[in-house]
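Novice: For reference, the chains in residue letters:
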Amino acid sequence: MAQEKGDALVAEETFDFLVMIIVDYFLHSKEISNKASLKEDLVTKRKLERLESLGRDIGRRWLEKLAQDTPHLSTELDKVKFICKEFWTATFQKQIDNLKTNNKGTYVLSDKIFKRLVHVSETPDSVGQIEDYMVFPLGMIKGALESLGMNCDVSGDCSNAPSCVFTINVKEEQKEK
Amino acid sequence: MSSSTSRSSTWNKLGDAAYAKSEKVSADLVALTYGSFVREIIKDYEEPDQVNKELEKLGYNIGIRLIEDFLAKSGVGNCSSFEESAEIISRVAFKMFLGIRATVSNWNNEYNSCSIIFEENPLAEYVELPPEYSNALLYSNMLCGVIRGALEMVQIIVECEFVKDQLRGDDTNEIRIRFKEILQEQVPWNDEE
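In order, the protein sequence lines correspond to chains W and G. Per the UniProt record's numbering, the very first residue in the first sequence carries number 1; after that it's consecutive. Per the UniProt record's numbering, the very first residue in the second sequence carries number 1; after that it's consecutive.
Just so you know, these hints were derived from the structure itself, not from any lab. The beta carbon of each residue, even a glycine, is placed where N, CA and C say it ideally should be. There's no promise every hint is true.
Pairs of lysine to any residue, SDA-like flavour, derived with a Cα cap of 25 Å [unchecked claim]:
{"#": "1", "chain 1": "W", "residue 1": "K115", "chain 2": "G", "residue 2": "I67"}
{"#": "2", "chain 1": "W", "residue 1": "K85", "chain 2": "G", "residue 2": "L32"}
{"#": "3", "chain 1": "W", "residue 1": "K85", "chain 2": "G", "residue 2": "I67"}
If you want a taste of the chain G side facing chain W, the calculated C-beta under 7 Å gives, among others [what the hints assert, rightly or not]:
{"#": "4", "residue": "V25"}
{"#": "5", "residue": "G35"}
{"#": "6", "residue": "S36"}
{"#": "7", "residue": "L98"}
{"#": "8", "residue": "T103"}
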């Protein structure tokens, strides 16, 4: 039976390996850093920015796809809930476990098992720091929020990986009155 | 013939089982991510030949890590011969990781070179190559590297090459695999004694 375009599924390992190699490419590849004749700290900053911006771009386009049949989300909270449920499920195979907000533009999302880190935290020989592997998903989350019209700072605390806590801060000019 | 048919069906079943029990993500997300990544590599290397080489190298780095996961989850045991490995790649590994089944064909007379053929390519969904790249870029060349890297970890040295690509207007996707040698098992150096 032929599958409808867009319904096809692949193993999550495939996505994890792809993301792992993307992180390697931007952060650990020697050739890329040798190409730029910049100071070491600038090179590192530039590499992180590129990785984050790739994540943002993908997150933005991925959310457009996910939300195309969704009615307009009017409130900030509805948008964040969409991220916690639909976006999280489609990207990380589960919903956010807990959402808290101060109702002033700060949202704290807890994920007890952040799927994109399971592979990395179980592989002792993974190259680089676990923080390196957060840059790309954080970019994706930021891009997804942007796609919903929310300009935010997003940070992630993965010191108890694979359990992660994400904090979304809506930028001042965006806050709802 | 009948024993090879029954082995084929065993491998098909292993592939289906491994795929069924894995957690899944949308193939669209993978295609979108792969495409955006290829675009970044093109920015860095520009020349299609260089891009192809880089994609292959990145795939190799995936392959050498992926093999452990594959052997642990697929239940295929060990890949002992080149011929068997080609079948396992197409019937088990393609199914397990990409959700598609490939076929092995076009064996040469010496049985040291064959093709892996697949109609659907989840990496290339929704892709159209710009004209300046359509003849030279091997968009999915990462797959060649994955195969080479994974086989090297089971001591089988091969060369892989994309010979047909639907993105370039071919009727199917075809990766040619040429067997080079089997590495002798190294006796591990035991520095604790």
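Novice: Hint by hint, say whether it matches the structure.
Specialist: Here is how each hint holds up against the structure:
For the hint pairing W:K115 with G:I67, the CA-to-CA distance comes to about 20 Å; that is within 25 Å, so the pair holds. Simply put, W:K85 and G:L32 have alpha-carbon atoms about 21 Å apart, close enough for the 25 Å limit, and the pair holds. Proposed proximity of W:K85 and G:I67 is contradicted: the alpha carbons are some 33 Å apart, above 25 Å. Annotation: G:V25 was flagged as interfacial toward chain W, and the flag holds, the nearest CB pair being 5 Å apart, inside 7 Å.
With a least beta-carbon distance of about 9 Å to chain W, the hint placing G:G35 at the interface is violated under the 7 Å criterion. For the restraint placing G:S36 at the interface with chain W, the shortest Cβ-Cβ distance is roughly 5 Å, inside the 7 Å limit, so the hint holds. Proximity of G:L98 to chain W holds as hinted, the smallest CB-CB distance being about 5 Å (cut-off 7 Å). Because the closest C-beta pair between G:T103 and chain W is about 17 Å apart, greater than 7 Å, the hint is violated.
Going down the numbered hints, you'll see the structure goes against 3, 5 and 8, while the others check out.
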